[in-house]
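Those sequence lines, one after another, are chains A and B.
Per the numbering used here, the first sequence starts with residue 1, numbered consecutively.
Per the numbering used here, the second sequence starts with residue 1, numbered consecutively.
Source of the hints: derived by calculation from the structure; they are not laboratory data.
Beta carbons: idealized from backbone N, C-alpha and C, even for Gly.
Don't take each hint at face value.
[What the hints assert, rightly or not] One-sided excerpt, in silico: chain A residues whose CB lies under 10 Å from chain B:
1. Ser20
2. Ile31
3. Gly116
4. Pro141
5. Gly154
6. Lys160
[What the hints assert, rightly or not] As a list, the in silico EDC-like pairs of lysine to aspartate or glutamate whose alpha-carbon atoms are at most 20 Å apart:
7. Lys161(A) x Glu185(B)
8. Lys186(B) x Asp41(A)
9. Lys86(A) x Glu137(A)
10. Lys78(B) x Glu114(A)
11. Lys76(A) x Glu185(B)
12. Lys105(A) x Glu185(B)
13. Lys105(A) x Asp20(B)
14. Lys33(A) x Glu41(B)
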Amino acid sequence: MIRGRAIKLGDDISTDHIISGKYKFEFIDDISKMIPHVLEDVIPEFYKKVSKGDIIVAGRNFGKGSSREHAPRLLKMVGISAVVAKSFGFIFYRNSVNIGLPVVKAKVIPDTAESGDVIEVDLARGIVRDITKGVEEKVPPYPPEFLEVISEGGIVEYIKKRGGLPWSTR
Amino acid sequence: MPFIERLLSKRLGKEVSPGDMVFVPVDLVYAHDGTAPLVIEVVVNELKLEKRLARNKAFFFIDHASPAPTLAAASVHKKMREFASRFGIGLFDAGEGISHQLVIESGLAGPGEIVVGADSHTPTVGVTGALALGLGSTDVAVALSYGYTWFTVPETVEVVLMGTLKHMVMGKDVALWLLGLKDVEKFHGRVIEYAGDLQAIGLDGLATLTNMSTEMMAVTSVVPPEGLREQTNGSWMGSDYVDEISVQLDEVEPMVARPPDVFNVAPVSSVEGVEVDQVFIGSCTNGRLEDMEVAAKIARGRRVKSGVRCIVAPASRKVLLESLDRGYIDILLKAGCILSPPTCGPCVGAHMGLLAEGEVAVSTTNRNFPGRMGHRKSEVYLASPATAMASALTGRITDPRVFA
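My request is simple: use the sequences and hints to build the entire structure.
Okay, structure coming up:
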């Protein structure tokens with residue numbers, strides 16, 4: 001179970017909004033140097049305003065755009081514990097699962113939630129709740145393999161701990 | 001049955017349907033200087049699986065900040081060269097061209113193959129009849145190490161192209177037209193399969209369409225090779241296309257995507273006259289031979305408007321050499337264009353032609369998000385090479401048909 005304070009964002013937040021591509025080469029040697037620039041053009045000084053455990057609640061197409069994994073990695077690094085959105089960019093969604101950032105597609109709560117609401121995400125049962133508003137929504141549960149990857153903190157951690165992939169190669 | 005489902009069913013020896021999570025062998029895996037450092041880090045420092053590498057075709061491309069504009073980029077390139085040489089990974093160094101273009105023109109991918117690239121525009125390779133997935137560095141590191149990747153089979157939308165394009169209207173205009181559909185959401189998370197009068201657009205134009213399926217929010221897109229489609233038609237059971245969209249090609253006008261989003265599509269006529277500081281013709285979207293040809297035809301005997309920078313970057317050395325042989329480069333240089341080596345540089349704001357605050361560009365690239373090509377308060381209009389060249393000549397966004 002994940003619980004956190006909602007940070008509400010709109011539709012079409014691209015990977016370039018999350019972390020502009022121009023920082024890719026400027027700080028190529030150390031991703032953490034990009035932290036001050038996370039979502040800077042959406043919420044100025046976002047990295048100072050975010051608290052550990054906060055949950056992003058967004059509209060359509062969250063994370064559309066680049067394949068750069070820096071986007072979900074940096075959200076996780078600044079303390080975001082989950083992203084609930086109406087829909088995601090294909091690569092962003094995969095990248096998030098791979099690095100252990102829970103991402104949840106929801107239909108209702110992205111409309112009803114406001115910044116500051118307390119949000120709960122139950123990945124295993126497939127439920128998202130807005131405790132403040134008293135709204136609960138069923139979402140498609142994660143396949144068990146993905147749940148294990150997320151709970152280990154990502155595919156790399158999974159492989160390190162368990163010595164192989166969560167999927168059979170046959 | 002949609003092509004991608006047939007491809008996967010054949011490869012896995014069992015029938016697959018949309019929603020199935022499958023684990024598939026990867027034939028080709030690649031990364032570039034923007035994403036390879038993280039691939040190397042995951043493989044070497046995290047997974048420590050170096051010995052498992054190179055069970056598939058693997059290539060690195062130095063194309064994003066190339067030749068190196070900064071010390072940081074130079075050190076990344078050095079690291080890539082060392083890693084590639086140590087583990088038998090193929091390397092296309094600075095000046096060779098852009099990854100997706102090189103994969104296509106070097107024949108590294110073909111019909112029925114499964115390709116993963118650490119770049120969101122890998123679906124460009126779908127023009128060869130391959131299943132081409134743009135993924136992140138960790139996904140690619142896993143594919144590089146194990147030779148497999150996971151994939152949830154998406155539904156397929158069929159886009160049927162009908163008729164012929166009008167003069168000065170290009171594949172890019174069709175891509176923008178599709179992005180401007182009210183129900184563009186129907187591409188989201190799906191595969192786009194192109195059918196119909198494919199020859200009306202040609203391979204270069206089709207590659208522009210597969211390239212921009214990323215902007216359409218599709219998982220990927222594919223142009224089934226002729227023959228395979230008919231040969232297997234009717235002999236496969238299973239699901240059908242989830243949707244079909246017909247495009248009457250002769251109704252497509254020259255289009256732009258207005259800043260700051262690819263979905264802000266409008267006919268060129270509605271933004272004509274907007275003053276332009278810079279024009280960029282190139283990138284994995286529109287740096288192919290057809291693009292150079294169209295730009296040269298429009299520029300022949302004319303001059304780029306004083307005060308406008310017009311940068312031309314062929315997508316590969318091969319495109320550059322062929323353009324040189326055919327006289328396109330001579331025309332473009334005499335018209336006042338700035339010739340760039342094959343690179344992604346300007347498209348991603350990595351180097352060459354960055355935009356200052358308040359500047360406006362017309363670009364043949366695929367994205368116009370804020371700050372994409374420079375200052376976050378600069379503006380990028382996406383357009384075809386014909387519209388871009390016409391705009392460079394007048395200094396204002398211009399319908400290319402005035403030069404027809």
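To see whether the hints hold, each was checked on the structure:
no. : hint                  : verdict
1   : Ser20                 : holds, 5 Å
2   : Ile31                 : holds, 8 Å
3   : Gly116                : violated, 26 Å
4   : Pro141                : violated, 13 Å
5   : Gly154                : holds, 7 Å
6   : Lys160                : holds, 7 Å
7   : Lys161(A) x Glu185(B) : violated, 39 Å
8   : Lys186(B) x Asp41(A)  : violated, 29 Å
9   : Lys86(A) x Glu137(A)  : holds, 12 Å
10  : Lys78(B) x Glu114(A)  : violated, 48 Å
11  : Lys76(A) x Glu185(B)  : violated, 28 Å
12  : Lys105(A) x Glu185(B) : holds, 15 Å
13  : Lys105(A) x Asp20(B)  : holds, 18 Å
14  : Lys33(A) x Glu41(B)   : holds, 17 Å
In summary, the numbered hints that this structure violates are 3, 4, 7, 8, 10 and 11.
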